[in-house]
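Engineer: Chain by chain, the residues:
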Amino acid sequence: MKYRLLGILALGLLGSLGMAQKILVFGSNGEPASLESGNITDGISIYAQRQIYDTLVDFKPGSTDPQAGLAVSWFASPDGKTWTFRLRQGVKFHDGTDFDANAVVFNVNRWWDPKDPSRISGGSNYEIWGELFGGYKGEKGSFLASVSAVDKYTVRFTFNNPVPYFPVAIGSGYFGIASPAAIKAAGAKYGTAAGGAVGTGPFKVKEWRPGDRLILEKNTNYWKKGSPKSDGVVFRFIKDPAARLAELKAGSIDFTTDIPPANLKDLQSDRNLRAVFRPSFNVGYLALNPSHKPLSDVRVRQAIAMAINKKEIVKAFWGDLGVTNGHFLPGSFKTYYSPKVTDYEYNPAKAKQLLAEAGYPNGFDLELWYMPVSRPYFPTPKEIAEAMGADLSAIGIRVKFQTKDWATYLNDRRNPPGFQAYMLGWTGDYGDPSNFFDPHFASPISDLFDSAGNKLDIKELNSVLAKAASSSNQAERVKLYQQADEITFNLALRIPIVHSQPLVAQRANISGWVPSPLGSESFEDIVKR
Amino acid sequence: MWAYTARRLLGIIPVLFGISLLVFLFLHLIPGDPAVVMLGERAEPERIAALREKLGLERPLWEQYLFFVGNLLQGDLGTSIFNQLTVKEQLARRWPATFELAIAATLFAVIIGIPFGILAAIRKNSLIDNLATSFSLLGVSLPVFWLGLLLVYLFAVNLQWLPAGGRLSIDVDALFKPITGFYVLDALFQPQTFWDVAKHLILPAITLGTIPLAILTRITRSAMLEVLSQDYVRTARAKGLSERVVIWRHAFKNALLPVVTIIGLQFGTLLGGAILTETIFSWPGIGSWIYEGILNRDYPVVQGGVIFVALVFVVVNLVVDLSYALLDPRIQYR
Chain A
1 MKYRLLGILA
11 LGLLGSLGMA
21 QKILVFGSNG
31 EPASLESGNI
41 TDGISIYAQR
51 QIYDTLVDFK
61 PGSTDPQAGL
71 AVSWFASPDG
81 KTWTFRLRQG
91 VKFHDGTDFD
101 ANAVVFNVNR
111 WWDPKDPSRI
121 SGGSNYEIWG
131 ELFGGYKGEK
141 GSFLASVSAV
151 DKYTVRFTFN
161 NPVPYFPVAI
171 GSGYFGIASP
181 AAIKAAGAKY
191 GTAAGGAVGT
201 GPFKVKEWRP
211 GDRLILEKNT
221 NYWKKGSPKS
231 DGVVFRFIKD
241 PAARLAELKA
251 GSIDFTTDIP
261 PANLKDLQSD
271 RNLRAVFRPS
281 FNVGYLALNP
291 SHKPLSDVRV
301 RQAIAMAINK
311 KEIVKAFWGD
321 LGVTNGHFLP
331 GSFKTYYSPK
341 VTDYEYNPAK
351 AKQLLAEAGY
361 PNGFDLELWY
371 MPVSRPYFPT
381 PKEIAEAMGA
391 DLSAIGIRVK
401 FQTKDWATYL
411 NDRRNPPGFQ
421 AYMLGWTGDY
431 GDPSNFFDPH
441 FASPISDLFD
451 SAGNKLDIKE
461 LNSVLAKAAS
471 SSNQAERVKL
481 YQQADEITFN
491 LALRIPIVHS
501 QPLVAQRANI
511 SGWVPSPLGS
521 ESFEDIVKR
Chain B
1 MWAYTARRLL
11 GIIPVLFGIS
21 LLVFLFLHLI
31 PGDPAVVMLG
41 ERAEPERIAA
51 LREKLGLERP
61 LWEQYLFFVG
71 NLLQGDLGTS
81 IFNQLTVKEQ
91 LARRWPATFE
101 LAIAATLFAV
111 IIGIPFGILA
121 AIRKNSLIDN
131 LATSFSLLGV
141 SLPVFWLGLL
151 LVYLFAVNLQ
161 WLPAGGRLSI
171 DVDALFKPIT
181 GFYVLDALFQ
191 PQTFWDVAKH
201 LILPAITLGT
211 IPLAILTRIT
221 RSAMLEVLSQ
231 DYVRTARAKG
241 LSERVVIWRH
251 AFKNALLPVV
261 TIIGLQFGTL
271 LGGAILTETI
281 FSWPGIGSWI
291 YEGILNRDYP
301 VVQGGVIFVA
311 LVFVVVNLVV
321 DLSYALLDPR
331 IQYR
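If you read the protein sequences in the order shown, they are chains A and B.
250 is the number that the working numbering gives to position 250 of the first sequence; each next residue is one higher, with no gaps.
29 is the number that the working numbering gives to position 29 of the second sequence; each next residue is one higher, with no gaps.
Since the hints were derived computationally from the structure, they do not count as laboratory data.
Since the structure is predicted, the reported quantities are computational estimates derived from the model, not experimental observations.
Just so it is clear, CB atoms sit at the ideal spot from N, CA and C, and this is done for glycine as well.
Take these hints with a grain of salt, some might be off.
What the hints assert, rightly or not - Which bits of chain A does chain B cover? Going by a derived footprint, with three or more residues having C-beta under 8 Å, they are:
#1 24-38
#2 125-134
#3 185-196
#4 242-251
#5 392-402
#6 409-415
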């Protein structure tokens with residue numbers, strides 16, 4: 001009893017302390033895999049890293065438009081093969097060391113050069129660099145030829161081909177600039193709970209308790225004056241969406257992401273909560289693998305596109321949080337939409353007729369694979385698959401539903417001959433259409449196969465995409481990507497079902513949170529009343 | 001008794017070997033590849049192959065097992081392939097959280113379940129007996145996940161009496177110094193945090209303790225009924241002893257044997273079965289850790305975690321067996 005009384009007294013004291021300290025509590029939908037920049041692809045890690053690190057190029061809040069970050073300006077050489085970045089001066093890492101051109105070169109070499117001594121063995125593989133920039137140092141496909149410090153605050157990248165979108169790509173959340181001194185000191189432990197992480201960002205790592213929370217405190221020397229506006233952020237790892245929503249309602253977390261669309265009404269009816277919509281930057285699609293006989297016929301694939309009532313499905317599963325329009329690119333890339341592409345109209349009769357023309361008047365058997373996990377682009381994959389299956393059965397296609405655990409699913413879809421039809425999606429990394437088209441359609445396509453079981457190679461599309469990716473002429477790029485829009489639409493290899501707006505939520509006493517379409521944003525401007 | 005204890009302790013070794021083999025085999029039977037999980041959804045097949053090579057996954061299974069057991073014998077549980085922390089280090093952080101929760105859940109079950117069961121037995125066919133019987137039926141069939149969320153919505157969201165998850169409030173966390181990792185214990189030295197720590201334990205303990213509570217109520221009730229029908233109880237009553245003495249000194253002590261067994265067994269199950277509760281309440285314990293490990297195909301984590309739980313289970317069983325001697329002098333150990 002004595003303790004309890006003491007406790008109450010102390011809590012009162014704490015309450016007043018709590019008023020002085022403004023700590024934001026973020027309901028993270030899982031635990032970061034690593035805080036080492038350039039070495040992760042999962043959204044949870046990027047979210048945490050975004051608070052600790054700055055990138056060379058930043059983005060205007062809520063958009064994919066670039067703005068100055070650690071670099072104040074950048075320009076390309078006339079042939080488009082060289083990008084020069086002028087760096088911000090007087091910036092310090094959390095450990096007190098200076099941020100300069102050498103630090104940038106150090107980081108880039110670590111990501112790009114497999115032989116770099118600062119590379120950490122073990123689980124580190126830096127695969128995102130290879131994916132976004134054609135490979136690593138010494139490899140044939142590598143976009144980058146060299147990186148060097150011109151002077152203390154200027155860095156130059158030289159490429160084998162023009163890479164017009166390089167600034168936005170290097171600005172993506174993967175490539176936070178870390179302190180070379182800290183990396184050298186921590187060695188293989190850098191980025192783990194044991195080794196910490198050191199950047200120039202608005203918050204610095206105080207403690208990472210595995211399985212529980214990541215505690216970040218204010219960087220009082222942040223180069224942006226008056227920022228961050230709160231004293232710290234605690235990432236609490238709460239994997240279950242229902243538990244996360246309950247904690248938000250109970251007030252033990254202030255804001256969170258990945259709320260199922262079905263909870264929208266729930267949020268809107270609670271005075272203490274606000275539903276927030278992240279701008280759409282994803283696509284959920286149905287992939288049709290032409291290695292399977294009926295699907296090798298484009299008429300069959302188009303019939304499927306016509307038979308699925310996408311508008312109704314989107315209305316049923318996303319409500320106002322999704323659009324379907326036939327384009328593979330999300331709405332933020334409207335400029336690249338071809339005016340010739342209007343979605344296949346929902347028309348079972350015409351679809352049936354197409355099937356008959358292709359030689360399948362009585363339909364065929366189809367294995368449809370649905371994802372075992374929920375993603376913003378497919379929050380309830382099984383139910384959505386069943387809705388599509390019902391539409392397909394109306395034109396005589398007998399659907400058998402299949403799934404596997406997530407890791408195997410991802411793996412098996414690209415083991416020849418791959419799944420017949422499967423659901424998957426994509427959320428963009430940076431604001432350039434190449435990031436959507438290339439991983440899905442450029443040669444060699446990673447997970448679609450031809451009838452012989454070889455990787456599918458669509459020559460016309462490949463040449464359009466290659467030209468577009470390396471063109472520095474914006475008007476020409478628009479034309480080429482519109483062409484890619486038409487080609488992919490007509491091929492119907494991946495039928496875009498939805499561009500969804502991920503739903504996030506906050507308590508009413510939080511302001512200044514502007515979710516980025518790119519999936520993660522800095523918490524520096526968030527204020528808790 | 002010492003010889004018996006020593007023999008039982010030695011017996012743990014083959015049991016653990018068996019478990020290590022089973023865990024290893026089952027884990028490698030699950031489809032899925034740690035390399036794919038680690039490299040993410042978009043990795044190239046060549047890169048996956050290279051990582052598999054590095055992780056030693058390309059070697060024959062028996063070689064991998066021998067390697068694992070060899071390390072185990074040297075006390076090395078390995079390193080998580082997912083986050084590079086040693087399994088030992090993570091285990092040390094997490095087991096106190098799960099233990100604390102399991103102990104609290106067991107206490108909850110014992111403190112309510114035993115008196116409830118006794119009362120039901122004494123007043124057979126009364127209202128309280130019916131209540132106990134139907135509750136024990138309901139209790140075991142309640143889905144843990146549903147119960148947990150229900151409690152959260154009632155006590156945390158609507159009434160706002162108790163926190164919805166975690167082990168500490170954010171502002172208390174800044175002052176709290178973990179010493180042993182058992183927060184309730186640690187909070188005794190930091191009294192201003194005690195109520196906050198205790199508050200966070202209540203809902204998860206009730207959630208986790210409900211099934212054992214139901215089982216315990218039922219076992220206590222039937223054990224008591226059995227004992228109460230024995231001759232010596234009748235004799236005791238005939239001697240004119242007060243009902244309180246009859247029940248507590250004569251009947252209860254003898255009914256305790258099966259009850260202790262169940263408590264021991266339940267405690268073991270709680271350790272392993274805490275996964276759902278830990279998930280609902282974002283409780284950083286072993287259950288959620290092993291669960292994540294399975295999802296990530298993090299072989300060292302799952303192997304180390306399961307072997308640890310198994311070891312505890314075996315030890316708890318041993319303690320239960322030994323405690324029999326204290327309760328029933330007729331039991332002898334050879």
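Engineer: Evaluate each hint against the coordinates.
Structural biologist: Verification of the hints:
{"no.": "1", "hint": "24-38", "verdict": "holds (count 4)"}
{"no.": "2", "hint": "125-134", "verdict": "holds (count 4)"}
{"no.": "3", "hint": "185-196", "verdict": "holds (count 5)"}
{"no.": "4", "hint": "242-251", "verdict": "holds (count 7)"}
{"no.": "5", "hint": "392-402", "verdict": "violated (count 0)"}
{"no.": "6", "hint": "409-415", "verdict": "holds (count 3)"}
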